[in-house]
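Q: Residue numbers (the working numbering), protein chains in the order written: chain B, 1 to 432; chain C, 433 to 836.
FYI, nobody ran anything at the bench for these hints, they're computed from the structure. Just so it is clear, the structure is predicted and the values come from calculations on it, not from any experiment. Take the hints with a grain of salt, since some may be wrong.
As the list claims (entries may be wrong) - Lysine-lysine pairs mimicking DSSO-like chemistry, simulated, CA-CA at most 27 Å apart:
| # | chain 1 | residue 1 | chain 2 | residue 2 |
| --- | --- | --- | --- | --- |
| 1 | C | LYS830 | C | LYS648 |
| 2 | C | LYS832 | B | LYS325 |
| 3 | B | LYS325 | C | LYS830 |
| 4 | B | LYS136 | B | LYS352 |
| 5 | C | LYS832 | C | LYS647 |
| 6 | C | LYS832 | C | LYS648 |
Claimed, not checked - Here are some chain B residues the structure puts well away from chain C; computed CB gaps all over 12 Å:
| # | residue |
| --- | --- |
| 7 | VAL12 |
| 8 | ILE198 |
| 9 | LEU206 |
| 10 | VAL233 |
Every residue gets a Cβ at the ideal spot worked out from N, C-alpha and C, and that includes glycine.
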Amino acid sequence: MSDTHAESVAYVRETAIPPAPAPVTEAGVVGWLRQNLFATWANAALTIAALYAIYLVLAATLPWVLGGVWTTDSLTECREVLQGRSAACFSVLTERWNQLIFGFKYPDEFYWRPSLAFVLLFLAAAPVLFFDLPRKLLLFTAVYPFLAYWLIWGGTIWAPVFAALGLVAGYVIFDRFGNQNFATGFLGGIAAALVVWILADYIVPLIASDDPLLPAVQSRDMGGFMLNMILGVVCVSLSLPFGIALALGRQSNMPLIRWISVVFIEFIRGVPLITLLFVANVVLAYFLPPGTSFDLILRVIIMITMFASAYIAEVIRGGLAALPKGQYEAADSLGLDYAQSMRLIILPQALKISIPGIVNVSVGLFKDTTLVSIITMFDLVGMIRGPILASSDWNGVYWELFGFASVLFFITCYGISQYSQWLERRLTTDHR
Amino acid sequence: MTALTDPQRESFRLSMLINDTRYRSLTFQAIALILVISLFAYLGSNLVRNLAAAGLNISYSFLEDPSGYDINQTLIPYTSRSSNLQAAWVGILNTLLVAVLGCITATVLGVIAGVLRLSKNWLVRKLMSVYVEIFRNIPVLIWILIIYGIMTVSLPAPSAFRGDNPTSSMLFNLFAFTNRGIYIPAPVWGPGSMIVVATFVASIIAVFAYRSYAKKLLFSTGRLLPTGWPSLAILLVPTILLFLVLGRPIGLDIPELKGFNFGGGIKVGAPLIALWFALSVYTGAFIAENVRAGILAVSKGQTEAAAALGLRPRRIMNLVILPQALRVIIPPLISQYLNITKNSSLAIAVGYADITATLGGITLNQTGRAIECVLLLMLFYLAISLSISVIMNIYNSKMKLKER
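Just chain B, same shape as in the assembly:
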């Protein structure tokens, strides 16, 4: 075939030219820079403006952070060391570390207890967060709330033990009767738990020793970042079941149940958290039987849990609404009753869809635990604004303290949201 064009064309190439390397301006670092930073004139201007902004921020903060002093005992001492240089006095963090983390009234010799509870929290949360871990670890997760309560608050070990026993009794009854009739099992379980708790109310004072293994610590002595963690973890975990119940109630076809749920959810979502905290602080006492005194921390936990449940209910309702109607109908046509179809078909899918929303609510709630500083509880922000900034040693150390609080919250919240994104990728079952 090579002589086909022999008369008409002078030369015909018979082999392919080897591919030439891309021009320098289109490949490698230069190519990337041209494409991503200097594609057009406007783009280049934007890049330079961004670089200048980064330079301004770093030039202002880097020397201040790197030149920081870590080892003085007061602001005046720190200023002497700095000799007029502008740099951070991070020594406030080292000197007041325990106050920032545990509050200013928690007994020093017991700091190991909340620290241990904090470390164990990861162990307890791990099987919930990562499904590949052995399922037996969930047993520890179930024990953890009681263990953590005992570690942090101390006192007689029998109170958490009986609280756990009540739950176990309730679960045993539910497991025995729940298979035949959900309602019987459910109500019977609640009754069994109540019986155990009422019995415990009489028994525990009798058998509690006067000198418990872990001495009791009062609730009002809790403070610092520990308080934020307690409120965040407790309220998020408590609000999940309530949120699910409220969401199902709002979807229910019983008008009365639906209206109760709607009114509760819309009322709670309509008011700011701070007004609910005011309720916990000054109003709730009027609605409790005369003479009872609830801990402020318990009242706050009740109100924040109500607040979080309403938001989580809305997220889960979104998940329920997003399920195709066919799923509900398929469950019905298999002959499953309401409890079974919810537990086996609807909720697993709806909760999966709602995970990003639930995590958003949890992160928001954890950030909102700082609001308790306004009703004079000494959480991390409360500690900074109150005892530390007001002390004569550290009056005026503003940026170091708030910078520390920001970093602490950023790490926690960013970590949680990264986890949720991982989980979302992990749980996607569609083939895209």
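Position chain C relative to chain B; hints supplied.
A: Then chain C, alone, in the frame of chain B:
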């Protein structure tokens, strides 16, 4: 073949209340009703007994009593002799003021950041995600306190502006940034100023009229009128001409140093600035995510189809992408506005006199009327939330995709 007979009609048995689906829902609702009523009865009886024990009663007459405290930033006349009700009104207006200001700036910031997060420029994209992540993951209360700290600790005192060789000077000789707040020029309305204002309002209406005329012309005849420059001209030229002809009836009252403090102009207090700015940057980060998600929700095929029809990039954005993206963006945007309003209750942390700080703070503490104050406070926020969600529902039903 056996004859089919009607099954025997069952008589009503008590177990049917639980086992028969016809009656079960009634049973559950009855139980729920009894539980709710007994809960309220229990709480109510406790309340009555507690109030009786403390010798209190529920009464709103304290609203008429003189409040006895001063408020540093008020939009309506108020003195310490005014009633508690007047103090509450001051608080309501202050809440609405910071909420409206916050919504405007948060939207501007959020839209800019959201669009830039989709920019082709790698550096700008990363910078904007750093902004969003940092501001979303740190509590807004900490942001309010940090910005309040910047306002009160880092800015110079008014005395720094004094003397022949002051250490601080005013920006453009118009704005003074001090640790007591920012002083901005106040407009002075001279005789005839209302004519200028009326002309300006009329020109705004005229701009809209011109644009709708241009659109109508385009759709009916296909003739394209220029809109950019003529709009600007209609907006500005008549007002400026009239302003000069009438001899500059609107002046500026520029703040100046008098003694130890600034006088004249409008003082925007440090608490207001801190709250406004913190709410804006914090909520702006959330809005940026909404905007980004909204733009990404418009499928690429829409852009390509519009390009295939021969539309230019700007028209693709205006006519194809934005209308579809807005449908996704606006509902979460409105709930962010609601969040700003609710978060503005954190004003109490920096001493800005919003409704939470006046009615729920000082009035509550001075009169001891906890139940009444907190109830009124909740009703106020509830009214705002419900009216915003009504607006949102109307919008949603209006914007719903018109499908078959």
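Q: With reference to the structure, classify each hint as holding or not holding.
A: Against the structure, the hints come out as follows:
1. This hinted pair checks out: C:LYS830 and C:LYS648 have alpha carbons roughly 23 Å apart, not beyond 27 Å.
2. Restraint check for C:LYS832 and B:LYS325: satisfied, since their Cα atoms lie roughly 20 Å apart, inside the 27 Å limit.
3. Among the hinted pairs, B:LYS325 with C:LYS830 is consistent with the structure: their alpha-carbon atoms are about 24 Å apart, no more than 27 Å.
4. Proposed proximity of B:LYS136 and B:LYS352 is supported: the alpha carbons are some 23 Å apart, at most 27 Å.
5. Annotation: proposed proximity of C:LYS832 to C:LYS647 holds, straight-line Cα distance about 24 Å (limit 27 Å).
6. Pair hint C:LYS832 plus C:LYS648 holds up; C-alpha atoms about 25 Å apart against a cutoff of 27 Å.
7. The beta carbon of B:VAL12 sits about 39 Å from the closest Cβ of chain C, which is more than 12 Å, so the claim that it is off the interface holds.
8. Consistency note on B:ILE198: stated as away from chain C, and its beta-carbon is indeed over 12 Å from all of that chain's, at 18 Å minimum.
9. For B:LEU206, the non-interface assignment is confirmed: its Cβ lies about 29 Å from the closest Cβ of chain C, beyond the 12 Å cut-off.
10. Once the 12 Å rule is applied to beta carbons, B:VAL233 is consistent with being away from chain C; the minimum gap is 16 Å.
Checked against the numbered hints above, the structure violates none of them.
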